[in-house]
Amino acid sequence: MFFKKYSNKEDGAIRFYDLHSTRTKILSIIIFIICLLIIIMTLFPIVWAFLASFRTIKDFNNNPSILPEVFNFGLFVQTWKELKFFNNYINSFIVVLGSALCAIFFNGLLAYAFAIVKPRGYKIVFGLVMWSLLIPPMTSMVALFVNINKLHLTRSFIPLWLMMGANAFFVMLFKQFFESLPMELIEAAKLDGAGYLQTFLRIIIPLSKSIVMVIIIFSINAAWSDFLMPYLILNGSGKETVMVRLFSFQGSNATAVEVLRAVVFSIIPPIVLFIVFQKKITEGATTGALKG
Amino acid sequence: MVKVNKKGQINHRKKPLIQKRDYIGWMIMLPAIILFAFFVWEPILESVRLSLHTAKGFRIEEFVGFDNYKRLFQYPTFLQALKNTFVYIIWSLIIGFFTPMILAILITETVNLKSLFKVGIYFPNIVPGLATVLMWKYIFGEGKTGVINILLSYIGVEPQVWMNNTLLTIPIIVIILTWKGAGATTLIYMANISNIDPALYEAATIDGAGIIKRIKHIILPSIFSLGKMMLILQIISVFQILYEPLVLKQGGPNNASISIMMLVWNYANREFNYPMAAATSVVICIILIVFSGLYFKFTKTKKD
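Residue numbers (this note's numbering), protein chains in the order written: chain B, 1 to 292; chain U, 1001 to 1304.
Hint data in this document are derived by calculation from the structure and do not stem from the laboratory. A virtual CB, placed ideally from N, CA and C, is assigned to each residue, including glycine. It is possible that part of the hints are untrue.
Reference excerpt, derived from the structure (chain B facing chain U, CB under 8 Å, subset only) [to be verified]:
#1 Gly-12
#2 Val-142
#3 Pro-206
#4 Phe-247
Modelling step: build the complete structure from the supplied sequences, incorporating the hints.
Put into structure tokens, the structure is as follows:
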């Protein structure tokens, strides 16, 4: 049963013909068990956070055990209401939605110009975009914040949306994909009299569904997890995102279990996203890193 | 219109100065160019400008040349942060560099539940950074109710103070970073291992090489060449560590875990000294450009 599938093994040092020996069989079982243990270790912190968020603070502080005494789901609902987390969820969803749209539209258009339209002099812009891949956005955060302040755009979602429209990594992913599209279709559209913008919206985007999906997922996750810029821009404005709210527990008198419940609230949406799109996400993770 | 002459070259003289394609092309690029200029390019220049001035709040006051940098390099906390960064790098070499390689080799050799292993190992990657740190804060909690302490009590080990031990703060942060980041690197190594031609293993088997030898002579050289690039990416990310020391111990105990990026945070959000924050950013930026340059050099030589 366990070894049946090994005849289809495609990669790795253990080949199907090695399994005639008992030693290799034992080795394979040991590796399997180690991997199981690793996965348990990897998932343990998240599972623990979920379990701990069902506990009362008394139970948490006094009872040295991993499992809660009772699963009190009511506490969960109570904290959700008390902390008014719903508002933060709505704010985060607004940020995430706008960011994903901007990520597709602006980066996609730029990559379309780089890959297909290629106006004279585009290489200068392309070079500049490539250069900005070298510089992590975190390092120019202070100056950017000063600029946003000068334009009186703080306490607004707009800079957070538009910021995702200037992502060199997404431009690269788009460009590589567009270059692999069949040129005949684009030429045909041109002969039919479609303008450049029409070609982009009617031909390129529908043909690029898979990369659009990858970038939507990546930008949703990035926008949801981003903390630094939302904190600088939205803190104290009443428009705090989930991450900004989570940070505000620092130095507040919230109890450990309340913080853990907030953590659980903040990781549920990414987990749902991951479970639904696990294949796309793990594939995107390797292609992006290898080619980008 | 474009005309082709006898030699098959495009005749440039008859082409109008600005073609429709150029005009529309630039119009298409314009929105994104504006965004890049505002969010990426201009802030870099602004950082440099800001770092050469003094300011009151957001208003720039006077040009002071490199004074801010001089002050920064004489600031004891900066030197501590710089020293910490090297400790971070050393620990992330010990813990973070080899873990994904080992994981990749192990998971590649499984068949049953392989896709579960792949997905599971990547899972922590999608947990937001801030949530990760808050969660681990309680896992490495002090006293008898900290999770690790509970687990240790099963094998009879006394509760530890973990984060309050200056020697352990940085290694713990690196463990957290590895937990979150190793999965992505593991998947990249695994993709690399799958690309190895199976004929190599068969040839090695005929030459009498066992499984360990095949891993040593076929798989390891292959992932080590990729490892060089991963190493530089890892160092680049170490220079940007911020959430972990900030949330766990505010850079403490006694600045033992303060990172350079946290110094920027403190300048900007506690002292509202934006020029000093900018100067620190510029220093980080220069260091990172050097490392990124190395990265691109490696990727280039690999493609050749």
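For each hint, the structure was consulted:
1. Gly-12: B:Gly-12 check passes; min Cβ-Cβ to chain U is 4 Å, inside 8 Å.
2. Val-142: holds (4 Å)
3. Pro-206: violated (18 Å)
4. Phe-247: holds (6 Å)
Of the numbered hints stated above, the single one contradicted by the structure is hint 3.
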